[in-house]
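K.L.:
Sequence:
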Amino acid sequence: MINTNTQSILLLTSYFSKSVGGAKPLSPTEWGRFAQWLKAQGKTPADLVTAEPHAVLEGWLDEKISLPRIEQLLERGHALALALEKWSRAGLWVLTRSDADYPKALKHHLRNSAPPVLFGCGNPRLLNQRGIGVVGARKADNADLSYATSLGRRIALAGMTVVSGGARGVDEAAMQGGLTEEGTVIGIMADSLLSAALASKWRNGLMNNNLVLVSPYFPEAGFNAGNAMARNKYIYCLSQAAVVVRSETKGGTWNGAIENLKKAWVPLWVKRDANPESGNYALVSQGARWLESAADHVDVHRLNAQAEQWRDQAMVSGLPPADQVVSISKKEPVRPDTTGDEAPQQLPQDDGMSSQDTNSASTQATAFGDLSFYQFFLRKIAFRDSPATAEELSEQWGVSKKQIDEWLKQSVAEGCVQRLTNPVRYQPLENREFEISTTENLAHASDGQMGFKLDL
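Number 208 in the UniProt record's numbering belongs to position 208 of the sequence shown; there are no gaps in the numbering.
These aren't lab readings, by the way, just hints derived from the structure by calculation. Backbone N, C-alpha and C fix where the C-beta goes; we use that ideal spot for every residue, glycine too. Possibly wrong hints are sitting among the right ones.
Claimed, not checked - Below 30 Å or equal to it, Euclidean Cα-Cα: the simulated DSSO-like pairs (lysine-lysine) are:
1) LYS24 with LYS86
2) LYS201 with LYS262
3) LYS233 with LYS263
4) LYS64 with LYS43
5) LYS24 with LYS39
6) LYS24 with LYS43
7) LYS262 with LYS86
8) LYS262 with LYS233
9) LYS201 with LYS64
10) LYS39 with LYS201
11) LYS263 with LYS86
12) LYS139 with LYS409
13) LYS18 with LYS139
14) LYS64 with LYS262
15) LYS18 with LYS262
16) LYS86 with LYS233
17) LYS402 with LYS39
18) LYS64 with LYS39
19) LYS250 with LYS86
20) LYS18 with LYS86
Stated by the list, open to error - Ranges of calculated distance between the beta carbons of each label pair, as one might list FRET restraints:
21) VAL412 with ASP296: 36 to 42 Å
22) ARG111 with GLN286: 23 to 29 Å
23) ARG425 with LYS39: 21 to 27 Å
24) MET1 with LEU61: 33 to 39 Å
Put together the whole structure using the sequences plus the hints.
P.N.:
Next up, the structure:
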């Protein structure tokens, strides 16, 4: 059984059959706009199925989301009931953005454009675990498939989740590699979720709770190039970092990687390729970084540590760190993997539902969302146990010397930082204990909802 809130969201945003015609369900962007308006009016989606829509939507004016369109969508209750019965028999479930298991990373990165509904099968709790994305072309050669399988195994052995798209080729190879080592795997399907839920190749992973397959699309939809392109963003947004095994200079893998680089969702590595005409080579020219190690030698913890450093620098400077070639080998020292997901600055609307999980995440998110970059600088410097020069701070934090000088000048004037001489160095004042305590509370917020590591 689903509650009335979920019922209303499904009616407004989802397809229940392959047939065309009738009102078109709201897109994620349209739903985000509509849900915001409902919340501002003190109403919930459930009100649309428990009361007269005309009365609930008094004052709603939107040419694209018209009242007749909404009413047509809400009249599909019988079709919804039949679809849910069919899907539930196959083990499918539904998550809305208010549910505790809905991935927080999607709400953080995509905000109100996060999918209003996720259909899935398997273990939904995996959706909020730390993972490494592995993507690549469907038409990959044996060497690339072997690399993807080995990388999936390495990720699983490191205790992290493999995140991929479930398509044949690189995606499927990486996922199967992770499952071989009894690791956890997230597959984000662009089509045919219902068929995948019943496929023998995924059966053991689903039965062992090591696999979750999810899709924001109609579970019985066939392949659609547009959906496949749009799905890629969800792979990146659910990952801590991503690796492209094989890319052409066009197509889904290429477009997804370029979108991630432009949006700076997560740091991107690509498998080393000596061919200067290859898509992998072109991605590096666009800002990705070479993954130098052979798949069997990739140190996943260090890969994750590099990703954390990337996010820390982006948080302080407002920009991703400079592009660089990174060698990540299991022979290199490993930084312990102790943090959760990065902190969302602002969660999107909760579709009118509330839960302890959602409220907790929202409260913690507000704490970091209210910080300016200067305030975050103060939090960073408060943890230093020894004086440092402006040059040292600039180098360690990846922020320009000019910006550091401006923040130091302001913090000295405000009495937050002490300027020492012979040579000139800076240290936090000892009487700022309250701010330091506050920082510690923020930095060590639990349950993976904040999880942002202050890398000092």
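K.L.:
Of all the hints numbered above, which does this structure not satisfy? Sort the numbers upward.
P.N.:
2, 7, 9, 10, 11, 12, 15, 17, 19, 21, 23
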